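J.: Each chain, letter by letter, is given below.
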Amino acid sequence: DIVMTQSPDSLAVSLGERATINCKSSQTVLYSSENKNYLAWYQQKPGQPPKLLIYWASTRGSGVPDRFSGSGSGTDFTLTISSLQAEDVAVYYCQQYYKTPTFGQGTKVEIK
Amino acid sequence: QVQLVESGGGVVQPGRSLRLSCAASGFSFSSHGMHWVRQAPGKGLEWVAVMWFDGSNEYYADSVKGRFTISRDNSKNTLYLQMISLRVEDTAVYYCARDGGASVGATKVFDFWGQGTMVTVSS
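In order, the protein sequences belong to chains A and B. Counting from 1, one number per residue, gives the positions in the first sequence under this note's numbering. Counting from 113, one number per residue, gives the positions in the second sequence under this note's numbering.
Since the hints were made in silico from the structure, they are not lab data. Since the structure is predicted, the reported quantities are computational estimates derived from the model, not experimental observations. Wrong hints could be hidden among the right ones.
Residues of chain A placed beyond 10 Å of chain B at every Cβ, according to the derived structure [said to hold, decoys possible]:
| no. | residue |
| --- | --- |
| 1 | ALA12 |
| 2 | LEU52 |
| 3 | ASP66 |
| 4 | SER73 |
| 5 | ASP76 |
| 6 | TYR93 |
Derived coverage of chain B by chain A (criterion: at least 3 residues anywhere in the stretch with Cβ under 8 Å from a Cβ of chain A; other residues may be distant) [said to hold, decoys possible]:
| no. | stretch |
| --- | --- |
| 7 | 130 to 139 |
| 8 | 180 to 186 |
Built from N, CA and C at the ideal position, the CB exists for glycine as well.
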């Protein structure tokens, strides 16, 4: 299986500031012939199911605010929240779908 | 709007069986692959199984292969997960999730999730 490793495990950011979460895969998730990275990001708020934020590494899901952006290629990816809002407090997971789906361990985002 | 409602969870002894259901509405159920994903208490997410939109293919995580069976009834817009020989480590919230692709095998992107049903395996 492809192992997904996120960093940091948690971070505290002031309201309005930028939050950055990293995700590294144990092998490439870039499908060269399509030039697509099989990488998604999810947000899980306390007591709720996960919500799809980003797929194809950088495409926002339906209704996702544009303060959320994804970047990266191959094995290294980043989720950025450009201006943290109170409602963004959650655990964020990356997931590869290049092979059997696997998730990162999650990154908890809190307000400083 | 898309709705996925899981049911069938509960407390069961190790070695026993349980069947979960997921009732879908608000979209063309027969056009989407469907997944089960679980989350142990306080832990991360683990993909469990997928069935293609037309039921032609199914795949499982190694941790459940041979013990869990995914199925669907497109006439009832319902997804199932039959679990046998349950183990303590199967304790988790089980989510059903819609595959993001339509009328394709399975993209393995999970674009809608249910609220989940808790399965506790304990003696």
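J.: Was TYR93 (chain A) rightly flagged as not at the interface, with every chain B Cβ beyond 10 Å?
T.: violated (6 Å)
J.: Would you check whether the claim that SER73 (chain A) is not at the interface survives, using Cβ distances to chain B and the 10 Å cut-off?
T.: Holds: least Cβ distance 17 Å, greater than 10 Å.
J.: Residue count check for the stretch 180 to 186 of chain B against chain A: does it reach three with CB-CB under 8 Å?
T.: violated (count 0)
J.: Closer than 8 Å, Cβ to Cβ, for at least three residues: run that test on the stretch 130 to 139 of chain B against chain A and report holds or violated.
T.: violated (count 0)
J.: Over 10 Å from every CB of chain B: does ASP76 (chain A) meet that, or does the non-interface label fail?
T.: Fine: 20 Å to the nearest Cβ keeps ASP76 (chain A) off the interface.
J.: Would ALA12 (chain A) pass as off the interface with chain B, using Cβ distances and a cut of 10 Å?
T.: Answer for ALA12 (chain A): holds, closest chain B Cβ roughly 20 Å.
J.: Please verify that the nearest CB of chain B lies beyond 10 Å from LEU52 (chain A)'s CB.
T.: violated (5 Å)
J.: ASP66 (chain A) clear of chain B by more than 10 Å, beta carbon to beta carbon?
T.: The claim stands: ASP66 (chain A) keeps its Cβ more than 10 Å from every Cβ of chain B (closest is about 18 Å).
Against the hints set out earlier in the document, violations occur for numbers 2, 6, 7, 8.
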